[in-house]
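Following the hints, position chains C, P and U with the ligands against chain D.
There are 4 protein chains.
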Amino acid sequence: MAIEQESVKGNDPDKAIISASLTGALTTRDQCEAIPYTPEEIAEDAAAARENGAAVAHIHARTENGSPTFDTDIYQRIYEEVRERTDVLINFSTGAMHEPVESRLEYIEAVEPDIAALNMGSMNYAKYSENRDDFVFDMVFENPFNEIRDFLTTMRENGVKPELECFDTGHVGNIRPFVQNGELEAPINFSLVMGVLGGIPPTVENLAHQVRQLPDDATWQVIGISREQWQLVSAALAMGGNIRVGLEDNFYLPSGEMSTNPELVAKAAEMTRNVGREPATPAEAAELMCIEPPHL
Amino acid sequence: MAIEQESVKGNDPDKAIISASLTGALTTRDQCEAIPYTPEEIAEDAAAARENGAAVAHIHARTENGSPTFDTDIYQRIYEEVRERTDVLINFSTGAMHEPVESRLEYIEAVEPDIAALNMGSMNYAKYSENRDDFVFDMVFENPFNEIRDFLTTMRENGVKPELECFDTGHVGNIRPFVQNGELEAPINFSLVMGVLGGIPPTVENLAHQVRQLPDDATWQVIGISREQWQLVSAALAMGGNIRVGLEDNFYLPSGEMSTNPELVAKAAEMTRNVGREPATPAEAAELMCIEPPHL
Amino acid sequence: MAIEQESVKGNDPDKAIISASLTGALTTRDQCEAIPYTPEEIAEDAAAARENGAAVAHIHARTENGSPTFDTDIYQRIYEEVRERTDVLINFSTGAMHEPVESRLEYIEAVEPDIAALNMGSMNYAKYSENRDDFVFDMVFENPFNEIRDFLTTMRENGVKPELECFDTGHVGNIRPFVQNGELEAPINFSLVMGVLGGIPPTVENLAHQVRQLPDDATWQVIGISREQWQLVSAALAMGGNIRVGLEDNFYLPSGEMSTNPELVAKAAEMTRNVGREPATPAEAAELMCIEPPHL
Amino acid sequence: MAIEQESVKGNDPDKAIISASLTGALTTRDQCEAIPYTPEEIAEDAAAARENGAAVAHIHARTENGSPTFDTDIYQRIYEEVRERTDVLINFSTGAMHEPVESRLEYIEAVEPDIAALNMGSMNYAKYSENRDDFVFDMVFENPFNEIRDFLTTMRENGVKPELECFDTGHVGNIRPFVQNGELEAPINFSLVMGVLGGIPPTVENLAHQVRQLPDDATWQVIGISREQWQLVSAALAMGGNIRVGLEDNFYLPSGEMSTNPELVAKAAEMTRNVGREPATPAEAAELMCIEPPHL
Ligand SMILES: [Zn+2]
Ligand SMILES: [Zn+2]
Ligand SMILES: [Zn+2]
Ligand SMILES: [Zn+2]
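Chains as they are written, first to last, in the working numbering: chain D, 1 to 296; chain C, 297 to 592; chain P, 593 to 888; chain U, 889 to 1184.
Only chain D is shown next, with the shape it has when bound in the complex (with noise of 0.2 angstroms):
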């Protein structure tokens, strides 16, 4: 059914994987009340998005009050209360911008969820205000390589798949030392992330580009910040690849309305299937990235 092209690497041109990015760690309910904070209300959010279509649920811990945690025991009850209900892959974040390396492995030891996400460079991270001509925040993500390495091997030793998040061209490039040395095994599982400004600008011309430099077996899916999602998720579906949506990175519909989680996932399922493709179930999807299938 799908185009035969090159942009499709390591991914099933028939079935797209869908991730849900529930939760985050930056935004909070004054934003968008839809927003989930305690392990149920991830999990009620995981069940319903695996419902509409997701295969991959990916996870930022809350506390109850809604600001970001590293804590083990709440990775471990989030982690606990989803497979309850759902066997939508469980893909924890390790990214931060404060917060020791240790405590970030932690929780990925003592929890192995299926998946991790893995930063693969360093890079500013701002947001500008063209109206009050400064910067809203103006901070440099430190990713250098000796903790990348940390990360790898916890995830390698406890069964955790890493999913590479490269923000710009060099992070894509940053695999090299960790190929080379068989650190990362193929198929390597990437998320190219645009729209953040310190990386790369998220156009669709620099979307194929990224794909242009990942290795042939690879899979990989498009993150999208903000506004421009919904065009780099059309742009991904055409090119064969998966797509992450939600409140994580984007509260609103393509209609500028305000949404939720589950409303977020439909619509990117909607969208796959315009293309003629299907969204992958989570057993699909752990084939594809060769991980365990999700027991409940």
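Among the hints, erroneous ones may be present.
With a straight-line Cα cutoff of 27 angstroms, these simulated BS3-like cross-link-like pairs (lysine-lysine) come out [unchecked claim]: (1) U:K1155 <-> P:K859; (2) D:K267 <-> C:K563; (3) C:K563 <-> D:K15; (4) U:K1155 <-> P:K607; (5) C:K311 <-> D:K267.
Taking CB as the label site, the calculated pair distances span [claimed, not checked]: (6) C:N427 <-> D:E278: 21 to 29 angstroms; (7) D:M97 <-> U:A1171: 46 to 54 angstroms; (8) D:Q31 <-> U:A1171: 51 to 59 angstroms.
Quick caveat, the hints were computed from the structure, so don't treat them as lab data.
A virtual CB, placed ideally from N, CA and C, is assigned to each residue, including glycine.
Only chains C, P and U with the ligands this time, still in chain D's reference frame:
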């Protein structure tokens, strides 16, 4: 709303022009019942397509039994029947394999449609059957420069906007003599045709490359032939492109169901809204292409 | 030594194959005195080109007064005179505007050169004079699929390696039927021809795009027609490509001075060394292209 | 003479600006005897480089024993010694790993070189040893937006042309806020740096992509670090780019022989002529970059 990206070129990032290719020349009601033949049938489909989001109707004339015809009277009747019912922009084909240039110029001169298609180069035009290991058809589609020049002259003299159909990278490059001598005036209006064996293969990578070759102020649409159409539509919408759908190019909805011209346009309009854009009206399309707005 | 880059494809990053296009069909000694006509003259140039770094001699036969000829005896004599003097790989043209396929197949079958060129698609083939605002020539270069197939069959049956001349993106795509039915065997050997009006324009951007379309194990060279040749040579050498120079394609050194076949090859060899690569020997070229090494 | 290609952007297709990176900060005479340390040595190399084709000298100050220094007096003496001998444009580095911004702004303000380099983003800056399976060094090169802004302001107030060093695709995108608020004025002058682990990998494909991201009127050069330099020079010259060579970036001629600044520039000038272009004079370079021509 749209991404600030180079690929928008002279298009409107917020509005997508949807063209409906209602008839074509090669297919018949034996293959797809919903193909309109008579001027009245064509005009009814044009009006319904306009209702569902189309701003342009691209038309090949047919006799009552469905054969292709280059008869000026029939083209005149089509023009009148369409214009009686709707303000959609009227775009006539000029392509043919074995019809002399003169007869294809005559109806353009006589009827003066808003837009006329113009093939910008020669190529093989073939279909290969893998099962039979043979070519279903294997032609040389001849469009030498002197014929291109004749069409351009006639169109310019009659106030007809050329739509440059480019089946390969070199066809885009073939504008060079006509830009240098002033026969092509900005904004040049391109159709990037993909999916014919002999021309550029229908991949997003190739679409992106074709768009890169266009002048900065050019307007453009993608024309995807057969099954790859919806993926190319999905990619083009993300890139800021205009799109064409209709029974000339493809009979099927993304689901695989055989369809009709109005339904195909409705699906294209839905996909346009899914990237946060709106279908352009005929008046908006006319303004973008610098042509006279249609009058009922 | 060379960059690890995708564009190398099946080439050798450390060795560049230099082809010398000694004669061509269209130009005469009135335009450039150094064009060889007779088998002896051609063979002398082949030997001198080999001495200066060429691994392949690409040859069109000529009569004694310089007219193009498809005479099998002359091709046979060329083969013998060249092989008497040097181990350069012998590559015969098969292209022509108005010569029937049969006569172009005959000398391939009879003489069995190491390599033969094969045009992979149809296109306009023209030259435009800006001063006169007119086309100096304006032809349709016809190479339908059934003729391509005939050439492929004859070459395969006679142990002649095809060199696929691709003047546009679609021409590369035209390999699809012949890959599917097994008539084209890896490593496929491509020439990316650039600089003819009607085909793909001669830019580095376009060269890079053409290379991206090739199979991973394909060998490739760039053929730049006229003044743009040296820039395309410079880019191709950087990309890991092979190169062609010679009086068929361009008479002039980069300085603008009219030159000879051996001098043009010497300049190409110097440029090869300037990117840290070495000219391949005929034996090395044969191994890369999977053909029998030449025997004196 | 040059190809009409988009990649030329604001450069001169007929003239290439050669920059000589004479010193750098990290390497020593133990590694390469010919590195100049003192103002006099640097000025002698600048004059010899100018003689051989360089239009710009890019300089990091050193103490007498070769350590990097940010001392304003030394930068002042370098400026005077160079200007006494030659009209080459003077370009000062502003980059450093652990030196505060203030001390890097001071000598720019005090000495007012023609041009000053400015790093446009953060990234990992590392070197990996395959033999030892370890990182030889592994740093985060921090250049947050507020520091970039400080440099831009100081340069603009002192009539110093910024040379934007971009190590990745996102770094090119980082101009956006400064274009919007007018702090960056056209023609923007880019250096596309390739070959540092952590930044964009040094392929022609990546170079072409970086160039595509630039504004149409931007000037640009490629800076290839270490062995890939000559290939990137070869590609950039073909694309209409400017080039940088010198002991800061690479000690070796394409043959592998260790070299000197004047010899490296002579090779770059030879390669420039091999694509039919000429080295620009300092006055021609100044005009292209819209800066005051140098006065002796
Ligand atoms: Zn996250
Ligand atoms: Zn048509
Ligand atoms: Zn030839
Ligand atoms: Zn420097």
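To see whether the hints hold, each was checked on the structure:
1. Our distance criterion of 27 angstroms between C-alpha atoms is met by K1155 (chain U) and K859 (chain P), whose separation comes to about 14 angstroms.
2. Proximity of K267 (chain D) to K563 (chain C) is assessed by CA-CA distance (about 14 angstroms); at most 27 angstroms being required, the pair is judged to hold.
3. As the CA atoms of K563 (chain C) and K15 (chain D) are separated by approximately 20 angstroms, the hinted pair is consistent with the 27 angstroms bound.
4. Between K1155 (chain U) and K607 (chain P), the direct Cα distance comes to roughly 20 angstroms. Compliance with the 27 angstroms bound is thereby established for this hinted pair.
5. As the CA atoms of K311 (chain C) and K267 (chain D) are separated by approximately 20 angstroms, the hinted pair is consistent with the 27 angstroms bound.
6. N427 (chain C) and E278 (chain D) have their C-beta atoms about 26 angstroms apart, which keeps the hinted 21 to 29 angstroms range intact.
7. Checked against the hint of 46 to 54 angstroms, the pair M97 (chain D) and A1171 (chain U) passes, with Cβ atoms roughly 48 angstroms apart.
8. Checked against the given bound of 51 to 59 angstroms, the beta carbons of Q31 (chain D) and A1171 (chain U), roughly 56 angstroms apart, stay inside it.
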